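Now for the letters of each chain:
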Amino acid sequence: MQSFLNIDHIGISFDTPKGKLEVLDDIKLDIAEGEFVSLIGHSGCGKSTVLNIVAGLLRATTGGVLLEEREVTEPGPDRAVVFQQHSLLPWLTVYDNVRLAVDQVFGKTKSRKERDEWTRHNLTLVHMEHALERRPGEISGGMKQRVGIARALAMEPKVLLMDEPFGALDSLTRTHMQDSLMEIQARLNNTVIMITHDVDEAVLLSDRIVMMTNGPAATVGQILNVDLLRPRNRLALAEDAAYNHYRAEVVKFLHERHDKPRLVSSNPDAGRETQPLPLAANG
Amino acid sequence: MAATDLTDKTFELPWLARALDWLAGDDVNRVAGGLTNALLLPLLGIGIFLLLWSAGAAQVQTSLGQLPGPAQVWEQGQNLWEEHQAARERERAFHERLDKRLQKAIAAGDPEEKLERIRNRQYTGHPTFVDQIWTSLVTVGTGFLLASIIAIPIGIVCGMSAGFYAGMNPLIQVFKPVSPLAWLPLVTIIVSALYVTDDPAVSKSFITSAITVTLCCLWPTIINTTVGVATVDTDLMNVSRVLRLGWLKQTIKIILPSAMPMIFTGLRLSLGIGWMVLIAAEMLAQNPGLGKFVWDEFQNGSSDSLARIMVAVLVIGFIGFLLDRAMLMLQRRVSWDKDAILR
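If you read the protein sequences in the order shown, they are chains A and B.
According to the working numbering, the stretch in the first sequence is residues 1 to 283, in order.
According to the working numbering, the stretch in the second sequence is residues 1001 to 1343, in order.
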């Protein structure tokens, strides 16, 4: 059986003044429809590059990406991206930011009234219906990211690509956003690829966690299946043995097998790693 | 509502606001502090300048008599205004007479061609100082508008395409520093060659001056628009790519709003340059504007000429300031970021 999204042996290298820099090497991943997959790895290992190749924003040097057996050659709304820095247009209101995407994707298939309703529906989904006429500069970081998610969801993408969507938020807002995302995911059953630095976030949200080795020439180091029942509750899971086992697996991968050697001693909090590590020379 | 607020703000006079606060009995110390900065210091600056001017002018004897001080200049300013009003009065009287003659001719049953000849008679008075200000404003407006219509699209394309920019850059760099005085003879000859009609709607000198302004106004707008467009946030461009926005929609929805502050910086620089260039161009092209006024007074060489030229200098400066304020007001009106501090 063919998979829904097939990342087929992709590699990418860039020409630099110092010669060829190989960033990714032979990444292979099959993702089923409705699956939530996290990509985790140290900073600079090329997680975002993988996401950008799936989005079509970058072309792989070797291999390719197949979505429903068609090769991805350019960006498109069927692979909506939620960017780390929200990337809302600051001169448009919350409503108009989402409406721009809705008009672009459904301009020919939906009537004006339907597009208006669909825009409002998606903003209600992320609990932003109270701020339709605000501009991005007038709302908080968490709210902006909600609007970014609403914009992506409104495109009805086949795959939702999220590049550290909550990385720039404070931890309290982040937990709220994670709960919202789980709730939306339970309702819509989207296929999601999410990049994260946060071990807890990865275990809580994902069906599978893809752990990447350090660059250059980063590749898939290990894949962890997370068999926890949904809906998941972060409080109940905190004491759960299986949950803690999965956490430990990821932490072990990141800090025993693929830590940057010179950072081991200087990082006593390694077991509770959530912060991005400084970019090393080889990253 | 927001629009009127902005307009009010643009012409806000800080000292007037303070004075009103003070009259309303607002905290005297705070208001007094503001008053010193906003009203007293500028007045002091102007006062010292006037004193130095009048003391210095008294020391200089020229071929046209003593260099005029502030008082004489003020007097000539009033004279110019009175001359303007007198000229208007003459023009009104002329049209009244013409009307009467026309009525009489109609009553006498004169043939149609004679009536037509009366109707076609034009008032042929000398343009007054105020007329010349108006001509200058129209000329600089035309030249600036023409330059903006050409420069903004070129700048956008330069910003979007590195290749196009590489092709344009040498031309921009070479033509940018050329003085308007060097352009003018060329423009004059070319306009004379190409603009040949028996019944010109606008005079050649007007076109020559306006085109010279255009040639000097192009560059700051092109350069600043290019920079503004080239530095649009990559994430926003990625959003555009994911949404597959067409080039027109991408330009309108993402690139233009993003580059707007830089475009306006360019436009304001251009308009400032254009106003300076215009005065020089009018002097040489004999376009009936402020530049020609200065030149005519210089040639005239009467005892009032120096004071009149000084009036023109002050008016030129003040209009330049008002033009910049007007652009700022326009920028505030079209800017999406109403909190941005624009000055």
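A portion of the hints provided could be inaccurate.
[To be verified] Some but not every residue of chain A turned toward chain B, in silico, with C-beta under 10 angstroms:
{"no.": "1", "residue": "Asn-52"}
{"no.": "2", "residue": "Leu-57"}
{"no.": "3", "residue": "Phe-83"}
{"no.": "4", "residue": "Leu-89"}
{"no.": "5", "residue": "Trp-91"}
{"no.": "6", "residue": "Leu-92"}
{"no.": "7", "residue": "Ser-140"}
{"no.": "8", "residue": "Gly-141"}
{"no.": "9", "residue": "Gly-142"}
{"no.": "10", "residue": "Arg-151"}
{"no.": "11", "residue": "Pro-216"}
{"no.": "12", "residue": "Pro-231"}
{"no.": "13", "residue": "Asn-233"}
No lab work stands behind these hints: they were computed from the structure.
Since this is a predicted model, take the numbers as computed values, not measurements.
The C-beta atom is built at its ideal place from N, Cα and C for all residues, glycine as well.
message = To test your reading of the hints: which numbers does this structure violate?
response = 7, 8, 9, 11, 12 and 13
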